[in-house]
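J.: Take a look at the letters that make up each chain.
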Amino acid sequence: MNCTDVAAILDDHALSRLSAADRCALDEHVTGCEPCSLACQAQNALLALPMPAVPVDVIDRVLRALNARPARAPLRAQARVVMVGALLAAGAALAAVTAVKLLGPGTQPLLMPAAPDNESITGTASIPATTAGGPEGSANATERPIDVEYVDVDYLIAQRTPPAYPPEALRRKLSGDVTLKFTIDVHGSVRDVEVVRSSDAIFESAAVAALSQWKYLPRVSAGKRVAVVGLETVIRFALDPPNLSAAQASAIAKDVGRVPTPDEAGYASMQAVDRGMAIAWQRIAAENFRGAELELDELRATYDLQAGQVAMVWSFYGYIYVQYGDYGRAIDAYEKAVASNTGHWTQAEAALANLYFARHQYDQALKTLLAYKNSGVMRIAPEAEAMIEKLRALGVTEETL
Amino acid sequence: MSQAEHAEFARLIAPHLAVLFRAAYRLTGNRADAEDLVQDVCVRAYANLRSLEHLERPKSWLMNIQYRLFVDGARRRGRSPLRATADDLDTTCASADPGLEEIAEGSLAERRILDAWARLDKEQRALLALHVEGHTLAELQSITDLSTDVLKARLYRARVRLGKLLATERAAAPLMESKA
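Just so you know, the protein sequences line up as chains D and G, in that order.
1 is the number of the first residue of the first sequence in the numbering used here; add one for each residue after it.
402 is the number of the first residue of the second sequence in the numbering used here; add one for each residue after it.
These are computed hints drawn from the structure, not numbers from a lab.
Among the clues, some could well be false.
[Stated by the list, open to error] Some chain G residues well away from chain D (every beta-carbon gap over 10 Å; in silico):
#1 405
#2 434
#3 519
#4 520
#5 522
#6 523
#7 524
[Claimed, not checked] Facing chain G, from chain D, some residues (calculated, C-beta under 7 Å):
#8 7
#9 11
#10 35
#11 38
#12 43
#13 45
#14 58
#15 269
#16 272
#17 302
Glycine is no exception: its CB is placed at the ideal position from the N, C-alpha and C atoms.
Based on the provided sequences and hints, a complete structural model is requested.
T.: Below, the structure written as structure tokens:
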């Protein structure tokens, strides 16, 4: 037994449940280890501390205190600010943005797993097909080995930081949007953010600041992570309800409480998951894929993840396995991502279709793409259209499925 | 506030009061501050009464509020809406249960623990208090937003520190007695 074991026993509240053998091993280690001896003594001392009974009238006192204070409490629940990224039609995405705003400034950015991405590639969009040559054999082949060296994966939004609503705009009850141009560098960070146009200059700096913090898993092309330039996105600022009174607006602007509201059910764990995903992203950016995988393992083991989070976690796994060149596992991971979040575009679909394609499972590739296209969640990405066309050229269409 | 809201709030919050109070007592080390802290938590919870009932894990949410209020205690003092009614509250504080202070006077060992406890920094005290109340590491994570590794390391360090303080108290105690 070593110090880590002792710490784990204390952490797990297992001291009183130890077997005789473990107890002996523990005692033996503790006798020779001063820090562990101190830690065990502290734990026992704490457990021995007597507790007073819970006061029975505490509720009554709270209620009396509540009666004595000015009625302002419901304000936050009624009037809220919603910011919507353009094309973020998915309900989950909307909810996540709302959640962040209600927390006020200074909080961690939320991961928005269920959100369809809202970039459209301007200029020449590359076709994210395999780097391999044309396919051969029947379209129904299953479990064919991938006979190409690399499979490409497109960039994937990993973390979308919502912008802060400019206080002045809030006071004047302004809504608006900003169109921005940017680059995703080889690490997945956002660079070279430029305002293309905006409905009101008042929103520009907030939009630029937010976009600059967004994180992506960078595009993988021919086995290398590459930058993507010339992307465009729209960040929209909207008030909900639109007829917010001036008093409500200024109250929200002032209300920067750090305590989460129950609107964010499970808020704390959501935030912790976001943080874990941020760690995984950093490790991927630093090419520490194994470390990223471990972080994801831990997130899955520790938290009861929501559908969107599950999709995001498995998309990350898929991305990592592609980096390993382990395409079989990558397909498994992306399949899980897609299955966990039906009805929402997770970007795992494109990667999955790509992998199926490389494995000559054209039917599967088309099914994946069509499910995405027909979900109607958002307009279809040009890459996906291109691949559907490519499959059509191979004689694989909706009719042949 | 209507009677209906009154009853609804009491119904929602009552199941968690004991846990909140015990944790608050460990955090603050005395009864009056613990009650204040629990009341502050309740005020926050009441502000969100309508959505409180839809929470999946109301306990974690309440503990998270309490943890933050405590660690962020200095600011709380300045802002608490309960300060205005403190006089009113104090008159109802008398209770048949012995407070921590009285208990401590009864036992030198407990006094030592409390002295050592009071000398831990707030963050360490908060973590140990929540942990010793029976929370698992996963629950602690959702309450504190710390990663597992950080939590484990901090818990261990906090215990060793508390153990050291206890050892110091033990060494110092006989001297104090002989002076007396």
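J.: Each hint should be assessed against the structure and marked as holding or not.
T.: Hints, verified against the model:
No Cβ of chain D comes within 10 Å of the Cβ of residue 405 of chain G; the nearest lies about 13 Å off, and the non-interface call holds. For residue 434 of chain G, the shortest C-beta to C-beta distance to chain D comes to about 12 Å, beyond the 10 Å cut-off, and the non-interface label holds. Every Cβ of chain D is farther than 10 Å from the Cβ of residue 519 of chain G; the closest lies at roughly 12 Å, confirming the non-interface assignment. Chain D leaves residue 520 of chain G outside its interface by the beta-carbon criterion, the shortest separation being 12 Å against a cut-off of 10 Å.
With a cut of 10 Å on Cβ distances, residue 522 of chain G stays outside the contact zone with chain D, its closest approach being about 14 Å. For residue 523 of chain G, the shortest C-beta to C-beta distance to chain D comes to about 16 Å, beyond the 10 Å cut-off, and the non-interface label holds. The claim that residue 524 of chain G lies off the interface holds: its Cβ sits roughly 15 Å from the closest Cβ of chain D, which is beyond the 10 Å cut-off. Look at residue 7 of chain D: its Cβ gets to within about 5 Å of chain G, closer than 7 Å, so that hint holds up.
Restraint check, residue 11 of chain D versus chain G: the minimum CB separation of about 6 Å is within 7 Å; hint holds. With a cut of 7 Å, the hint placing residue 35 of chain D at the interface with chain G holds, because the nearest CB-to-CB distance is about 5 Å. Against a cut-off of 7 Å between C-beta atoms, the interface hint on residue 38 of chain D holds, since the closest Cβ of chain G lies about 3 Å away. The interface hint given for residue 43 of chain D holds, since its Cβ lies 6 Å from the closest Cβ of chain G, which is under the 7 Å cut-off.
Proximity of residue 45 of chain D to chain G holds as hinted, the smallest CB-CB distance being about 5 Å (cut-off 7 Å). Hint status for residue 58 of chain D relative to chain G: holds, with the closest Cβ pair at about 6 Å, below 7 Å. Evaluation of the residue 269 of chain D hint against chain G yields a held restraint, the C-beta minimum of about 4 Å falling below 7 Å. Because the beta carbon of residue 272 of chain D sits about 5 Å from the nearest beta carbon in chain G, less than 7 Å, this interface hint is met.
Below 7 Å, beta-carbon pairs count as interface contacts, and residue 302 of chain D has one with chain G at about 5 Å; its hint therefore holds.
Violated hints: none; the structure is consistent with every hint.
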